[in-house]
Structure formats: C-alpha cells, structure tokens
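Novice: Take a look at the letters that make up each chain.
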Amino acid sequence: QVQLQESGPGLVKPSETLSLTCTVSGTSISTYYWSWIRQPPGKGLEWIGYIYYSGSSNYNPSLKSRVTISVDTSKNQFSLKLSSVTAADTAVYYCSAYSGSRRLHDYWGQGTLVTVSS
Amino acid sequence: QSALTQPASVSGSPGQSITISCTGSSSDVGGYNHVSWYQQHPGKAPKLIIYDVSNRPSWVSNRFSGSKSANTASLTISGLQAEDEADYYCNSYSSSSTLVVFGGGTKLTVL
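From first to last, the protein sequence lines stand for chains A and B. For the first sequence, counting from 1, position 81 maps to 81 in this note's numbering; every step adds exactly one. For the second sequence, counting from 1, position 47 maps to 1047 in this note's numbering; every step adds exactly one.
Think of the hints as simulated: they come from the structure by calculation, not from any bench. In this text, a Cβ means the ideal position worked out from N, Cα and C, and glycines have one as well. A few of these clues could be false.
[Claimed, not checked] Calculated pairs, PhoX-like style, for lysine-lysine (alpha carbon to alpha carbon, straight line, at most 20 Å):
{"no.": "1", "chain 1": "B", "residue 1": "1047", "chain 2": "A", "residue 2": "43"}
{"no.": "2", "chain 1": "B", "residue 1": "1107", "chain 2": "B", "residue 2": "1044"}
{"no.": "3", "chain 1": "B", "residue 1": "1047", "chain 2": "B", "residue 2": "1107"}
{"no.": "4", "chain 1": "A", "residue 1": "64", "chain 2": "A", "residue 2": "75"}
{"no.": "5", "chain 1": "B", "residue 1": "1068", "chain 2": "A", "residue 2": "43"}
{"no.": "6", "chain 1": "B", "residue 1": "1044", "chain 2": "A", "residue 2": "43"}
[Stated by the list, open to error] Over 12 Å on every C-beta distance to chain B, these chain A residues come out as not near it, computed from the model:
{"no.": "7", "residue": "9"}
{"no.": "8", "residue": "72"}
{"no.": "9", "residue": "75"}
{"no.": "10", "residue": "84"}
{"no.": "11", "residue": "104"}
[Said to hold, decoys possible] Quick look at which bits of chain B chain A covers, simulated, 3 or more residues with Cβ under 8 Å:
{"no.": "12", "stretch": "1024 to 1036"}
{"no.": "13", "stretch": "1048 to 1056"}
{"no.": "14", "stretch": "1092 to 1105"}
Next up, chain A with everything else stripped away, as it sits in the complex (with noise of 0.2 Å):
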C-alpha cells in the first residue's frame, strides 16, 4: 500500500531554514502531485503547496516567497524548505498524496513536530 514518511529535524532556530523529506513507497512517484500541509499546535490546516514528478509546483501565496518543494524522482522522495522561519512557523508537517484529477489527498504520512526555538 501507499506509505509516505516525514523525516528532518524537530527543531529549527529562528531565521534558519526548516528542512523536511518525504519519502514514498508503494506507488510510483509519477502517479500524484506531492503536497505540503502543516497544522500548528491546536489549529487548522493549512497547505503549503504541491509538486509534480516533472518540477511544476505550486504555493500558497501567504508562503510563496519562503517556500521551495523539491522532487527527487531517483530516490522516491520530495522535499519542503521553508525559509527565514519564525515560532509562527511551529508546526506538524504533513507530506500528502495529492490526486491532480480528483483534487483530494489520497494518503498522508504521519506528521512530523517542527519547533522553531532558540
């Protein structure tokens, strides 16, 4: 079945760039676009933005200016890097499965807790 997995450190100081991985199993990395949501502590979601196995990406324009996803078709893996980060930015990152036809998120990793503190 579909796996996705989050990895990267759980605490970034502010200013610094946060880092994350994806990686996908059990499906090819051509089948979805792959997505980005976060969910800061007791709140809503919110996307980050999505990439296709070609490098077409698209942001949330309330990040577009911090934000890159990355895609590494050989290894089975995206990545998210967030910019100039501030405690705002604390957050449980998602990685999704994202169906381009059908516009919904078919599978999730299980999170990872990002704390931005010094």
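For this one, chain A is given, so just place chain B on it according to the hints.
Specialist: Chain B in isolation, oriented as in the chain A frame:
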C-alpha cells in the same frame, strides 16, 4: 483565517445524526464539485472520508454522507458512535491563487 468556514464545534448523542457545514465562495465550493472531507483523531494524520462532494472511499462507513448547495458543502454523520469523536476538515479546489483551501475544522463531541 481559513478560506472555508466551518463551525468550531458540534455535538450529538450516540445514535443521533449531526451535520457539519463548510461555506466558501463561487471560486471554490460553489464553483467545483471537488469538495473533500477529512477526519482527524488526536495525534493522528487526517484521513479522507468523502470526496467529490458526496463520494465515499470503499473503507468508509455509509453513516458518512456529503452534499452541497450553492457555496456550502455539508457532512452528515448518522447513527453517531463514540469512535466518530474527532476533528473534521473540509477541503476544496479553488480557482484563486490558493489552489487548495481547507476549512478551519470542526470538533465533534459525542456526548
């Protein structure tokens, strides 16, 4: 502030039915049938329960149903069970620059 508006909380007793609304605009909910709903238990990742307004994945109970009228989508859970207690999020495709929009989430309490 979320693009889609949901009530912060709803509650119901076991066996009852509840409905959660999700209000957007003609750029998202009202303009497309790409509305999906996700169930999230504490400490867990969200799970898809409804897609394309009213379709259920095969593993989801038929107690869950979805509908839409104009700019408002709705999720109905019938025959409430204790295990339904969770947070519920609506999601829609949007023709705005934010292509993927979520509701703020609704906490369902089973009394």
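Novice: If a hint holds in the structure, say so; if it does not, say that too.
Specialist: Okay, the hints, checked on the actual structure:
{"no.": "1", "hint": "1047(B) / 43(A)", "verdict": "holds, 17 Å"}
{"no.": "2", "hint": "1107(B) / 1044(B)", "verdict": "holds, 14 Å"}
{"no.": "3", "hint": "1047(B) / 1107(B)", "verdict": "holds, 15 Å"}
{"no.": "4", "hint": "64(A) / 75(A)", "verdict": "violated, 25 Å"}
{"no.": "5", "hint": "1068(B) / 43(A)", "verdict": "violated, 25 Å"}
{"no.": "6", "hint": "1044(B) / 43(A)", "verdict": "holds, 14 Å"}
{"no.": "7", "hint": "9", "verdict": "holds, 20 Å"}
{"no.": "8", "hint": "72", "verdict": "holds, 23 Å"}
{"no.": "9", "hint": "75", "verdict": "holds, 22 Å"}
{"no.": "10", "hint": "84", "verdict": "holds, 21 Å"}
{"no.": "11", "hint": "104", "verdict": "violated, 4 Å"}
{"no.": "12", "hint": "1024 to 1036", "verdict": "holds (count 3)"}
{"no.": "13", "hint": "1048 to 1056", "verdict": "holds (count 3)"}
{"no.": "14", "hint": "1092 to 1105", "verdict": "holds (count 11)"}
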